[in-house]
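Enquirer: Residues per chain, in single letters:
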Amino acid sequence: MQTGDLAQPTAFELDIAAIERIEAVPTILDVVCRTTGMGFAAVARVTEDRWIACSVRDDIAFGLTSGGELKVETTICNEIRESREPVIIDHVAEHPEFCSHHTPATYGFQSYISMPILLPDGRFFGTLCAIDPKPARLSNPETIDMFRMFADMIAFHLDAQAQIERSAAILLDERRTAELREQFIAVLGHDLRNPLASIDAGTRLLARVPSPEKAATVLGLMQSSVARMAGLIDNVLDLARGRLGGGLTLQRAPVQLGPVLRQVIDELCASHPRQEVEAVLELDAMVDCDRGRIAQLLSNLLGNAMTHGAADQPVLVHAVTRADVFELSVSNAGQEIPAAAIERLFQPFARGAVRPDQAGLGLGLYIASEIARAHGGSLSVASSPMQTRFTFLMPLV
Amino acid sequence: MCHVLIIEDEALIALDLQEMLELAGATTFSFAETESEAVDAARQHRPDVIMSDVMLREGTGPKAVELIQGEMGPLPVIFITATPAACTIYDPPAIVLGKPMVDTQVREAFRLVAPR
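Protein sequences appear in the order of chains L and E.
Numbering of the first sequence is given in the working numbering, commencing with residue -19 and proceeding in unit increments.
Numbering of the second sequence is given in the working numbering, commencing with residue 947 and proceeding in unit increments.
Bear in mind the hints are in silico, worked out from the structure with no lab data behind them.
Just so it is clear, CB atoms sit at the ideal spot from N, CA and C, and this is done for glycine as well.
Please note that the accuracy of each hint is not assured.
Claimed, not checked - Computed footprint of chain L on chain E, listed as stretches where at least three residues anywhere in the stretch have a Cβ under 8 Å from a Cβ of chain L: (1) 953 to 959; (2) 1042 to 1052.
Said to hold, decoys possible - Among the chain L residues that face chain E by a calculated CB cut under 7 Å, a handful are: (3) N174; (4) A177; (5) S178; (6) G182; (7) L201.
Said to hold, decoys possible - Residues of chain L placed beyond 10 Å of chain E at every Cβ, according to the derived structure: (8) E62; (9) R184; (10) M202; (11) L325.
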């Protein structure tokens, strides 16, 4: 269920794309070159360790194109990143400082201007710069102000783009949260009301003064309704912690899991007396985990297998500690889970995609997968017409 | 004589309904927890009135009622559901009651549709 991030663009690719989206940039570079008579102009992204051209106009065969890189320490832009002040050189040979500077010597230019592009939040993006092998008249207010205005314009566009992206991300997040909230309310309204209605019916039955035997049956059923409600509330709280809060918190300690798992199996067998369960527990090593959460994970998987699996074939539970991994799997015979449902299986309220099931909120597998994740492990499923198997794997450290 | 089919997977609610309806004149009952059980129960003993939950452990009450009415013609139905707002489409003016149930409402609804 892991996806690689090969398709993710790098930060620099994103920066280049952001500059490319500003339609005015080629015109800016064109105007800069024509008004100053310089042959090369560029918008560069400058960081602590890289200088990358985002957009270039090159009439002097300087040889740099968009995406091209210069060693940042060979550029003057690197100094501008620190000073945040423009550097303007009309004629390198006559300049007291830059006549002996390594950058003009390296790149063979006589005139140079570079204006920092400062984003509204104060961050330094890079520079709008131009060079030419011949001297140029740059140290005048018109030229400097033009560069400053263009640099500000580029910064303004970059900031506007970033704001639009942030708004879009917030909107998407809000929409997801709203969807979840809708499902949450719908499911909660139905599922908690059912056991509540049962308890209500039970009180009415008791009020009619039934026989002691019937009263005992009614009380037993009422207690199981109360237990169901408690379970639903626990699940809803886990959802709130996992999805809406900061994730599940674990109380980990090294534990011999055999008795813990055995108890879960015994409890579920007691409530599903007709379903056969075969358990193989090969737990040689202690497992550093939250025992209550691992019990909950097994309970959710086993409960599902008993509810959805074929009743006439045993459910298999297999737990084993190997060299560096703890593996717990639950398998059942019965209908194959359709591929479309598998995609949504570990999402909250997924049950509608499989089969409506009044016993739970459709949170069991979601919570189990959150428990797996919190342990640095994984929960996966393989389903065929023969068998459906859920496997929890967690590294033993 | 009035035979009632109760389609409900909550045992306590089914028992409670039985007692309420006995007081309202129902004489015999069949019980079903799933869609297919409901259809089987109706075939075994044709109900005069159907009391049905909507969401079942397997299948739905409305689907079961549709199948039963398809075989036996129109029969009076009262739906009892935790989500009455989701049950506005059932015809002929199907009675939809919310859960938890109110004793007097259930009996009133039953008297309205039960054969005399």
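Enquirer: If you look at each residue in the stretch 953 to 959 of chain E, do at least three have a Cβ nearer than 8 Å to any Cβ of chain L?
Expert: It holds: at least three residues are needed, and the stretch 953 to 959 of chain E offers 5 whose Cβ sits within less than 8 Å of chain L.
Enquirer: Beyond 10 Å on every Cβ pair: is that true for M202 (chain L) relative to chain E?
Expert: 7 Å, violated
Enquirer: Regarding the hint that S178 (chain L) lies at the interface with chain E, is the smallest CB-CB distance below 7 Å?
Expert: At 4 Å from the nearest chain E Cβ, S178 (chain L) passes the 7 Å test, so the hint holds.
Enquirer: Mind checking the CB of G182 (chain L) against every CB in chain E and telling me if the closest is under 7 Å?
Expert: Since the shortest Cβ distance to chain E is 5 Å, the answer is holds.
Enquirer: Does N174 (chain L) pass the interface hint, meaning its C-beta sits closer than 7 Å to a C-beta of chain E?
Expert: Holds - the Cβ of N174 (chain L) comes within 7 Å of chain E, reaching about 5 Å at its closest.
Enquirer: Should the interface hint for A177 (chain L) be scored as holding, given a Cβ-Cβ cut-off of 7 Å against chain E?
Expert: 4 Å, holds
Enquirer: Are all beta-carbon distances from L325 (chain L) to chain E longer than 10 Å?
Expert: Fine: 19 Å to the nearest Cβ keeps L325 (chain L) off the interface.
Enquirer: May I ask you to check that E62 (chain L) keeps its beta-carbon over 10 Å from the closest beta-carbon of chain E?
Expert: Check passes; 65 Å lies beyond 10 Å.
Enquirer: Is the listed coverage of the stretch 1042 to 1052 of chain E by chain L valid when you require three or more residues with a beta carbon under 8 Å from a beta carbon of that chain?
Expert: Held - the stretch 1042 to 1052 of chain E has 4 residues with a Cβ nearer than 8 Å to chain L, which meets the minimum of three.
Enquirer: Holds or violated: L201 (chain L) as interface residue toward chain E, Cβ cutoff 7 Å?
Expert: Since chain E brings a Cβ to about 5 Å from L201 (chain L), closer than 7 Å, the hint holds.
Enquirer: Please settle this one: R184 (chain L) was flagged as non-interface, so is its CB more than 10 Å from every CB on chain E?
Expert: Violated, because the least Cβ-Cβ distance between R184 (chain L) and chain E comes to about 5 Å, which does not exceed 10 Å.
The structure fails hints 9, 10 (numbered hints given earlier, in ascending order).
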